[in-house]
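Protein chains in written order, with this note's numbering: chain V, 36 to 212; chain G, 46 to 204.
It should be emphasised that the hints constitute simulated quantities derived from the structure, not laboratory data.
Since we're looking at a predicted model, the values are computed, not measured.
Each residue gets a CB set at the ideal place from its N, CA and C atoms; glycine is no exception.
Warning: the hint list may mix true and false statements.
[What the hints assert, rightly or not] Below 27 angstroms or equal to it, Euclidean Cα-Cα: the simulated DSS-like pairs (lysine-lysine) are:
no., chain 1, residue 1, chain 2, residue 2
1, V, 125, V, 146
2, G, 121, V, 37
3, G, 145, V, 72
[Said to hold, decoys possible] Okay, the calculated bits of chain G under chain V, using three or more residues with CB under 8 angstroms as the criterion:
no., region
4, 82-88
5, 130-140
6, 179-185
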Amino acid sequence: MKAKALVPLALFLVLVAFLAIGLTRDPHEVPSPLIDKPAPDFKLTQLQAPDKSLALKDMKGQVWLLNVWASWCVACREEHSVLLDLAQRKLLPVIGLNYKDQREDGLAWLKASGNPYTISIADSDGRVGIDYGVYGVPESFLIDRTGRIRYKQIGPVTEKVLNEVLIPKIQELQHAS
Amino acid sequence: MRVEAFKHGLLMLLMTIALSSHAATQPGDAALDAQVIRITSNLRCLVCQNQSIAESTADLANDLRRQVREQLQAGKTDKEIVDFMVTRYGDFVLYDPPLKAITLLLWMGPFALMVLAIGSFAWTSQQRKKQPSARLNDTDRARAKELLNTHDDASEVHS
Chain V
36 MKAKALVPLA
46 LFLVLVAFLA
56 IGLTRDPHEV
66 PSPLIDKPAP
76 DFKLTQLQAP
86 DKSLALKDMK
96 GQVWLLNVWA
106 SWCVACREEH
116 SVLLDLAQRK
126 LLPVIGLNYK
136 DQREDGLAWL
146 KASGNPYTIS
156 IADSDGRVGI
166 DYGVYGVPES
176 FLIDRTGRIR
186 YKQIGPVTEK
196 VLNEVLIPKI
206 QELQHAS
Chain G
46 MRVEAFKHGL
56 LMLLMTIALS
66 SHAATQPGDA
76 ALDAQVIRIT
86 SNLRCLVCQN
96 QSIAESTADL
106 ANDLRRQVRE
116 QLQAGKTDKE
126 IVDFMVTRYG
136 DFVLYDPPLK
146 AITLLLWMGP
156 FALMVLAIGS
166 FAWTSQQRKK
176 QPSARLNDTD
186 RARAKELLNT
196 HDDASEVHS
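Bound-form chain G, shown alone (with noise of 0.2 angstroms):
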């Protein structure tokens, strides 16, 4: 956790770093820059799909800094930027998908797999207690006497 916590930090440090001196021509203003990082974050990097837009040093992920920065500057809210986003390229460049008709299984299948694993696992414990009970009778246990007798003698015999 802590480790995650300063990877993140480190992360956000570089990130700013580099977008400062990227945007060397524009005012350099921290606050701006942690706002860009921080939408940017929850945005899927196209190009190089296991990034965040944040992250990616893909050209299109740099233009896209670029729009959430300028639409940051002229006013917009986190929301209509990230509509921006949506409207072009799809729920698809969402880290958190909204839960829509498409997108019921990835918010449901964990809930169902965890629903269906319980109920096997209640119906096959209910189907051992039904089978017939391993303690043994009278006839068993006479039995069993007489085979580890048995076995005793073959033993004795033989050591």
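Pulled out of the complex, with its shape left as it was, chain V reads as follows (with noise of 0.2 angstroms):
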């Protein structure tokens, strides 16, 4: 008799468990089925060299960063110091996807806040964006030798993100083959 009354406070503690995980997940994070594919194509004209393009086969046999920013991005800002240490690392190049952006925004906010990127490729009607998944500006894709994205990063890179997650995938990928 006694068990059974412990049944309902039973259930109850697994419905708060399942409500607490829930709490701790952000449904705004939804994981990219681009994950070990191979980067979708593009080719898109530099931020700074509007004569110069930049093409996906152009990164072909290094491992590399695309950062997809836009001067209207807020959240942007919050990763920019993060991204300018991670430049100042030398580590690989950092691509910047200049995401549905005008160009005069895009240059006056590189040369306001210092340019983390090897080098900007402007997607200003976001058709790059949309091939790669890209719903939430800021987001990172670190991309292998071969021209697999290996990981997603949505959202800003963060110090504890750099530290703890991307530099150790970067150097995994670079010491791999």
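Please dock the two separately framed chains into a single complex, following the hints provided.
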């Protein structure tokens, strides 16, 4: 009889556990189906040199980071200092995808707050962004030597993410093969 | 049900107006607009997750409606367009997710709960049947009578 009386309490605790786990998860972080898949192809003009372009195949053979940013993006300001820090370490090329931005605005923003990017490319109509499944700027993709996406960071790269996730992954990918 | 149908119709109408005014530079084609709405109504917007791509005013939803429109114009089938979305954003964009190992709990969970509920109901009623009968035997009846009489006497004294 006594054990039976505890059944509702046990069920309630199970429910609480489920809800508690649910609270720790961010519903905006939708896992990308592109992980471990070849990075979608692109060829875009460079932000600083509109007469030049950059294509996916130009990056082949090296581990690199594609960081999606925009001058209108508030959260990008949050990660900016971290990206500058990463650029200073010269670990890998960081390519900026200037997403749905005006060229002048993008250039002004880089001038005002520093440029962490090896090269920035202009995705003014957001088509390459769609191919990469971008839905919330900033987003960052770590791409390996063979051109496969190995990691996606949704939202700003914080110092913690940089040191605990990105850098170990970069080193691992650079040492592989 | 009627209200729902009305709401849906109204939404379609509003969306048609919104889409056609948005795409003012493109040849206005009501049938194409309707097709865009039909497909995007079943796709979840990733920016405002409680809205479909047809309903959402988010910039990305706008771009995705443009994508769907262009692909329809290029003669792509519904399946090709939906696959285009899924390869980029995953099954999450589908309001009607496919049955896979990872969605098994989602699809089977409610049925499992139902089986569990029916099972526990059957089990408790079975248990109840096994309990000793609540019928009174003669000794019980005599004792009850005695108690009731005592009670009656007592109340008579008080009144």
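Identify every previously stated hint that the structure contradicts and give their numbers, smallest first.
2, 4, 6
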